[in-house]
Amino acid sequence: MSLVTSTPSDTAPAPAASTRQPSSAHSDALRYGWILPRRRGAYLTGTAGPNRLGGLDAARGLALLGMMAAHVGFTTCGLTSLSGVLDQAHGRSAVLFAVIAGFSLGIMSGRARPHTGEALIRTRLRILVRSALLLAMGTGLALLGPPVGVTLGYYAAWFALALPVLSWRPRNLFILAAVIAVVGPVIKLGTPVALSHLGMTAYPTSGDGNAAVVSLLITGFYPGALWMAYIFLGLGLSRLDWSRSRNLWRLAAVGALCAVIGYGAGWSVSRVVNPDKPDAYHLVSPADAEQCVNGQSRSAQQIGANRARGGQADGPAAPDTAQPPSDSGSANMTDATGATDATDATDTDATAADTTDSSTGITTGSGDANDMSGMNRMGGQPVNPAPFNAKALATAGPHTDTTFEAVGSGGTAMLVIALLQLVSRRLRWVVAPLAAVGSMSLTVYCGHVAAIWALNALTFTTDAEDNLLWAVMSTGFIAFAMAWFAVWARGPLEHLVHVVSMRATRG
8 MSLVTSTPSD TAPAPAASTR QPSSAHSDAL RYGWILPRRR GAYLTGTAGP
58 NRLGGLDAAR GLALLGMMAA HVGFTTCGLT SLSGVLDQAH GRSAVLFAVI
108 AGFSLGIMSG RARPHTGEAL IRTRLRILVR SALLLAMGTG LALLGPPVGV
158 TLGYYAAWFA LALPVLSWRP RNLFILAAVI AVVGPVIKLG TPVALSHLGM
208 TAYPTSGDGN AAVVSLLITG FYPGALWMAY IFLGLGLSRL DWSRSRNLWR
258 LAAVGALCAV IGYGAGWSVS RVVNPDKPDA YHLVSPADAE QCVNGQSRSA
308 QQIGANRARG GQADGPAAPD TAQPPSDSGS ANMTDATGAT DATDATDTDA
358 TAADTTDSST GITTGSGDAN DMSGMNRMGG QPVNPAPFNA KALATAGPHT
408 DTTFEAVGSG GTAMLVIALL QLVSRRLRWV VAPLAAVGSM SLTVYCGHVA
458 AIWALNALTF TTDAEDNLLW AVMSTGFIAF AMAWFAVWAR GPLEHLVHVV
508 SMRATRG
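Using our numbering, the first residue of the sequence shown is number 8, and each one after it goes up by one.
Worth double-checking, as some hints may not be accurate.
[To be verified] Label-pair restraints from in silico Cβ distances:
1. Glu472 - Leu264: 32 to 40 Å
2. Ala464 - Ala201: 38 to 46 Å
3. Arg176 - Gly197: 45 to 53 Å
4. Gly271 - Gly197: 23 to 31 Å
5. Gly271 - Ala397: 15 to 23 Å
Hint data in this document are derived by calculation from the structure and do not stem from the laboratory. Even for Gly, the Cβ is constructed at its ideal location relative to N, Cα and C.
Working from the sequences, and respecting the hints, build out all of it.
Encoded structure:
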């Protein structure tokens with residue numbers, strides 16, 4: 008998620024020499040002052056002026072609304088209903104956030120003219136400070152115990168991991184992103200299996216704090232082994248020339264081509280490798296959501312599954328579930344092939360008493376946790392070494408963390424950003440609602456997680472049977488953001504992060 012938006016020193020190119028420059032005192036106040044700066048220029052240009060990329064803000068806002076749909080919306084398959092359209096947010100909104108986050112790192116480090124020397128050192132320190140602040144905010148949200156996954160800690164880690172390549176050229180960044188997109192899924196899938204066969208575990212006890220690195224890179228909901236590809240993609244995109252419409256159309260075309268290749272290849276391969284449960288794309292919304300077999304959204308599956316066992320929709324995974332959550336923070340009730348029974352897509356001889364995670368190939372037994380029998384522990388449960396399950400790579404489904412999904416969703420992100428920037432250049436007011444929300448993404452993200460927690464704490468359910476709650480939440484945050492930026496130049500949390508990071512690196 009691109010949770011830290013641009014500031015005047017974050018944008019490039021600089022204004023023309025004839026443009027009236029702010030005084031030195033005013034510039035210092037913008038950079039280091041605790042008082043929120045008031046809006047001076049055109050609406051939604053913040054402190055950056057006319058060089059701000061409104062389409063990028065709009066894309067960030069669209070991803071935020073998609074994330075809210077994944078958290079509190081009701082989604083089904085098909086594109087002929089609102090619930091079907093909102094279903095496209097699953098997986099894709101998270102990838103769009105990650106690509107924009109990489110783009111934001113590029114803005115902070117000089118855009119087309121990457122910082123070097125002392126400026127690069129200061130930029131890296133600023134990003135490290137921002138990472139620490141994101142981690143602290145993520146910890147605070149996690150302590151609330153919201154029924155959705157909090158991603159700020161992942162972004163803190165990704166920002167830190169991107170520091171060594173901030174000065175790389177676009178071509179090298181794109182190559183690095185492509186390599187990670189190909190190799191990352193294999194690393195994510197194979198590492199737990201390999202460690203198990205070596206008598207080790209990819210799931211160390213989390214209480215001692217040493218599990219964080221493994222979780223952030225391999226076993227977590229958004230493993231850096233793959234998701235860094237999106238960060239590097241966005242960083243590379245930020246180094247390109249965004250001033251020409253022709254370049255934007257080319258980027259849109261490349262993005263569309265990647266989306267077709269990624270989703271098309273995933274669909275084709277899944278029909279060969281997993282003919283019983285292939286990828287499915289529904290264009291027409293059925294009258295009954297239960298008719299969506301493979302195409303039914305994860306949120307709809309989770310609601311039905313949780314209600315069947317008397318649990319809470321969109322809640323954490325059940326104790327016997329080894330799957331990571333979707334972007335709604337709920338358990339992924341389908342395996343990587345679209346199967347609803349975790350044993351259907353594996354080559355292991357898992358019994359009814361075992362649960363096999365198709366994304367790792369690990370089988371957690373239900374036997375006595377004290378009986379190690381040469382096996383490792385995972386949350387107090389024995390972990391049996393299982394064969395590498397290559398079938399889990401044969402899909403482009405959301406949150407499957409495969410190469411096909413990376414190409415398809417990464418291409419979709421490129422397409423969305425390019426198209427919204429094209430619209431923003433000529434019809435800025437059309438995308439103003441999205442751009443307003445996207446310009447205060449950290450504030451809105453934290454606010455919406457807190458709102459979901461509060462609703463659950465007050466015994467109000469966030470189980471979605473329709474999209475009324477999503478509509479109310481989205482409209483409320485859009486109205487708040489648009490009203491805020493009529494007066495102020497930065498969002499409240501964005502200003503806090505900006506000032507702290509600038510003061511920490513003040514020379």
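Hint-by-hint comparison with the structure:
1. Glu472 - Leu264: 32 to 40 Å: 38 Å, holds
2. Ala464 - Ala201: 38 to 46 Å: Holds, since Ala464 and Ala201 (Cβ atoms, about 42 Å apart) stay within the stated range.
3. Arg176 - Gly197: 45 to 53 Å: Once the Cβ atoms are compared, 31 Å apart, the range 45 to 53 Å for Gly197 and Arg176 is violated.
4. Gly271 - Gly197: 23 to 31 Å: Roughly 26 Å apart at Cβ, these two residues keep to the hinted range, so it holds.
5. Gly271 - Ala397: 15 to 23 Å: The hinted range 15 to 23 Å holds for Gly271 and Ala397, with Cβ atoms some 20 Å apart.
When each numbered hint is compared with the structure, a violation occurs for hint 3 only.
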